[in-house]
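Spelled out from the first residue to the last, the chains are:
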Amino acid sequence: MKVIAQAGAQELVIEVARRSGHTAVSLEGRDSTVEVSGRGSLRSVTLGGRTHEAAVWPVAGSDGARGVRSYDVLVAGRVVTVRLVDPLRQGNGRAEEAATAEGTVEIRAVMPGKVTTVLKAVGDEVEAGAGLLVIEAMKMENEIPAPRKGTVASILKAPGEAVEAGALLVVLEAR
Amino acid sequence: MKVIAQAGAQELVIEVARRSGHTAVSLEGRDSTVEVSGRGSLRSVTLGGRTHEAAVWPVAGSDGARGVRSYDVLVAGRVVTVRLVDPLRQGNGRAEEAATAEGTVEIRAVMPGKVTTVLKAVGDEVEAGAGLLVIEAMKMENEIPAPRKGTVASILKAPGEAVEAGALLVVLEAR
Amino acid sequence: MIRRILIANRGEIALRVVRACRDLGISPVVAHSDVDRDSLPVRLADAGVAIGPAPARSSYLDRQAVIAAAKTSGCDAVHPGYGFLSENPEFAQAVERAGLVFIGPPASAMHAVGDKVEARRLMSKAGVPIIPGLEERSADGEAIAAFARRAGYPILIKAAAGGGGKGMRVVRSEAELQPAVRLARSEAKGAFGDDGVYAEKLLEGVRHVEIQVIADAHGNAVHLGERECSLQRRHQKLVEEAPSLAVTPDLRRRMGELALLAVRASGYRNAGTVEFLLDREGNPWFMEVNARLQVEHPVTELVTGIDLVRAQIEVASGRPLSFRQEDISPCGWAIECRILAEDPASGFHPCPGRVTALRLPAGPGVRVDTALQAGDEISLHYDAMIAKLLAWGRDRDEAIRRMRRALLEFQVAGIRTTIPFHVELMGREDFAAGRFDIAWVDRTLPDLTSKLEADGDGAVAAAIAAALMAFERSGAGAAAGRPAPGLSPWAEAGRRAQMSGRLPKGWA
Amino acid sequence: MIRRILIANRGEIALRVVRACRDLGISPVVAHSDVDRDSLPVRLADAGVAIGPAPARSSYLDRQAVIAAAKTSGCDAVHPGYGFLSENPEFAQAVERAGLVFIGPPASAMHAVGDKVEARRLMSKAGVPIIPGLEERSADGEAIAAFARRAGYPILIKAAAGGGGKGMRVVRSEAELQPAVRLARSEAKGAFGDDGVYAEKLLEGVRHVEIQVIADAHGNAVHLGERECSLQRRHQKLVEEAPSLAVTPDLRRRMGELALLAVRASGYRNAGTVEFLLDREGNPWFMEVNARLQVEHPVTELVTGIDLVRAQIEVASGRPLSFRQEDISPCGWAIECRILAEDPASGFHPCPGRVTALRLPAGPGVRVDTALQAGDEISLHYDAMIAKLLAWGRDRDEAIRRMRRALLEFQVAGIRTTIPFHVELMGREDFAAGRFDIAWVDRTLPDLTSKLEADGDGAVAAAIAAALMAFERSGAGAAAGRPAPGLSPWAEAGRRAQMSGRLPKGWA
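Residue numbers (the working numbering), protein chains in the order written: chain A, 250 to 424; chain B, 250 to 424; chain F, -14 to 493; chain C, -14 to 493.
Okay, chain A solo, but in the shape it has when bound (with noise of 0.2 Å):
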């Protein structure tokens, strides 16, 4: 298997194989030798002879949609998200951040939670930062603000609705 990896700055072909029962993991354009171990989430990759212990999983909603799959990875304290592109499908990963229509800005929630209060209406005139509606999540309760001056094209949840991360909540219509 041969993927690109792009992890914060760093973009590298990674190929790994099985063989002769173990796997093999090779790292293009870097003269390194790389040694792996670990099971499922928990991994210890060593790199130049430097051992970092790395806990891994799929990030929620990376269907592999477009030969891209986001895995994110904690590391010696820090996180990455790391996408994985298939050299042999077409469809960068970079193209799965659609743009939006021009002048309308799309709201969405950046976590899960409930809907508890719709602040404003269709056809409201609102001003940067002024609060759309308020999502509740671990007991916090959070305004979400429009992120610049409009008019509310169209609301999509109601008060006391379930929203998943990434849910389309409002449509600005951007002035």
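Please keep in mind that the hints were generated in silico from the structure rather than gathered at the bench. Warning: the hint list may mix true and false statements.
Once the Cα atoms are required to be at most 25 Å apart in a straight line, the calculated SDA-like pairs of lysine to any residue come out as [stated by the list, open to error]:
(1) Lys398/A x Ser43/F
(2) Lys363/A x Ala411/A
(3) Lys398/B x Arg135/C
(4) Lys369/A x Ser43/F
(5) Lys363/A x Ala377/A
(6) Lys363/A x Leu9/F
(7) Lys369/B x Gly316/B
(8) Lys363/A x Ser158/F
Computed from a prediction, not measured in an experiment: that's the story for all the values here.
Once you have looked at the hints, place chains B, F and C on chain A.
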């Protein structure tokens, strides 16, 4: 699945089955509510409103021969071997304890290890308690004594040989 | 004599109480919602009793269900932990009325200190210095606006009924006032079932320093020194320590005496905490009494050696305290980091989900209070705190070093947590020097959270770990022993090369 | 300045040193045999260096391989842990000759105290009371036989070069003497590479009490109080505690001074332990000096707050001790249980195998020093100790209660361990009252090990757990949702019934 379970002085008929996605357990002969949770080797068993945490694993070398499988279980800081007997198969587990030929005594390894020294030769007459051979395990040397007076009939291991738990070491002809 | 305790809580604090019960030879029973059935505290208790579905309002906050669970399971006492019903005097009263011992302060004392406005009046009368604020709980936003105009902005809006930062808002101008009152009221209602709020002058450049107290039914009351809790994000404590760099032995004695004044004024019994703000001149100002065990109680346990939950149970049993004021002499330094299922790199947004793997830190000076097990689902229904990581050292420097080591050992897969934030914090000079006030974290947050992403070799190792997981989840990874021709230069993995030639040049 | 340390050991002590390195900002590198490649200390170190195959003689005891590993990996110091090469003066010398710092006593001091016969001569001269014994290491069994006739049986045969019970045999009659000498010699050779043995009069009804000492290169030497190590099976320590019920403050001071006499007489530096036998009249008799960190060092850490491994590294770096004698005042009580992969119900026979699941205990006052991870293979090649479980309490009673709680939380699947033995021991009145000497465990063993089997509801729960595992491993268990007609009365599991009707009668 229905089994006869022998644990210490207890002998019980236990039935286990899947029912609407859950594992259901019934205990015959006991008017008791059984609830189970946990996975793999770490289990929680609630009996008559009291929860017991149990660590369970198959006893090495228990191969299911004669319809008997043994498991060791650590529960509330104590340990017990559970013998599960398949009631549909003959050869009750107790038959496993094969009798040795009249007058001969088999000396078996109670632990795995390595034979370091053989102290007797075939034909030697030995007193009860006399050392027959020495097995090293976990850095300690253990002298294996004759359980009774007799003549060494055969020695099945040589110095340097590794032995498994239960391996036959020496046969004595009792006098 | 208490023989069986119903623990009306969940997570690490339920487990903490289970352990205290075990130490005392008392049978622990844990009340749990449906989703917590297989949780560690339930498994390690003698029994679990289901009290309702996941939402707290239908289970952990359902007084009737909790009391019925205690009665049905043959308990003679109830420990409420913190949060949920712990500071609810009606619950405490209902427990006692049901013939059970409530392990906490008497309802009357809880009442006296539980309403923040009442408490301020009481403390002021008892001679404890209080922060200027509204003398009565406000029915509407107007009274708050009037107070703000009088005292000057910034002001702080607080829930009258609760603590822990819930329903608390800073207001810096009149324009912000009414939305803030609305939100605070709504949060207070949600958290404490009471939407009463009041206002105080916001003191700036101050520290949050609190005193642990415990009192028995025989007139003995002891304070166990202070906890430094200034490291807060939006009024939520993130890191606590004991002792405080800002507290001299003389100030410790004075604050301890003030805290005991508060205890006596309210007829307090059992464990509680008197919270103060400490201004730049070292003057303590009474904030509130938390009439329960605090989340951060273990830092006090680590420096005093006192088991606070054990002491709570003993006091509730009617026994006198097993220690006196002169037995308490804090030793060494303890720090607690609250590990939350929140992503510090994205504004601390909640990260519910399944924990797929877990490696807890350990070693000298490290204590982890957690109910987390690999496979657990972190639910949106409850608080985001998944673990309290504690480090003790002979001095503050040793405690910080051990905390840093433990944070780096702590591995959690499946959800993002605040571990990277704490790693960053422990490395900060301002933290090492003790240069912070209660606004420091909020002020420094953009900088504190700008370096949480792995880079360099860490990012490369992360990329490899991700590729390995992707490989194993693909068909190719499952099949073992298949030759992989044409791939080079292969490093043989799963087996280290013997030493010679294994280590690359430039290594030393 | 030490910047990178090669840890020439395995298991919990390797991890212990890794953690101390982290706390000091020093880079830890772990030398490991092939089978230990994926062990926790190797994973948590900055690097691992393979030094040979599993048998210790070909890896952990291979001096050249260890020193080469240190040089190749850019280390400037070597920590030997305990066992293996830790008390080998030739190794210490070779390390220093290679330009590396040996974290332990100088070879000369190790030599002076390492040979037990030499040490006795030295101590006797320095005024430390010694047990009657052979004045010189015996070349043959004849000298030992002569001594035994002179001093009277019972006598004790000991390895001249080592400690830890290896190569030690009690001889009660002339008939037993020669086989015992042979076995002791062979064990000594295996464990220390030196088959020299000597003999001492066996004192009976005595306790094993040892004093922890540490000395720097600047003439400072401090003792850190005693450890009570009388609970031994066949001279192998099973449980240790600090302080000892048998030691008064005055005796503590006297024994501390004797230990420091021993330190000065031998030119000792770094951490070490002076072992004494304490007779019924409270007289200490010098036994030997252990020129290394002891397995049981954490009980001293828990009551003094001193990090002994950190202190070892600081002293080896040439720094003066960071504490003085007057800073040491033991606080509370600490107990250690050695958890072994041995079956106490069958004569403590070794139980190697794979650990399939693991739940480590935690909570207030509990520390677990272990490198064990679920999935680890316990190898026959090494010592059977898989974990050290430690409990601290304000007093001995609290420490015992916490230890018992922690033992009951400790779950290991896949191998039998000594956990049931320790549970039984912690419940014994003689243990609670401190009524034991070094022969107590051996004397009481049949009784102590007669009740380790689960019975009653525990056995029923065990049977159900076994049946569940058998079911899941069968075809039937894999298929979900299949109806199971004709089986009754089924209790619905995997889901607790709601509270009403859930709890059987007679429950309260």
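Hints, one by one, checked against the model:
1. Lys398/A x Ser43/F: Not satisfied, since the Cα-Cα distance of roughly 40 Å exceeds 25 Å.
2. Lys363/A x Ala411/A: holds (4 Å)
3. Lys398/B x Arg135/C: violated (34 Å)
4. Lys369/A x Ser43/F: violated (30 Å)
5. Lys363/A x Ala377/A: Cα-Cα ~23 Å, so holds.
6. Lys363/A x Leu9/F: Violated: Lys363/A and Leu9/F sit about 42 Å apart, past 25 Å.
7. Lys369/B x Gly316/B: Since the Cα atoms of Lys369/B and Gly316/B sit roughly 39 Å apart, the hinted pair is violated (cutoff 25 Å).
8. Lys363/A x Ser158/F: violated (29 Å)
Hint compliance for this structure: hints 1, 3, 4, 6, 7, 8 are broken, all remaining hints hold.
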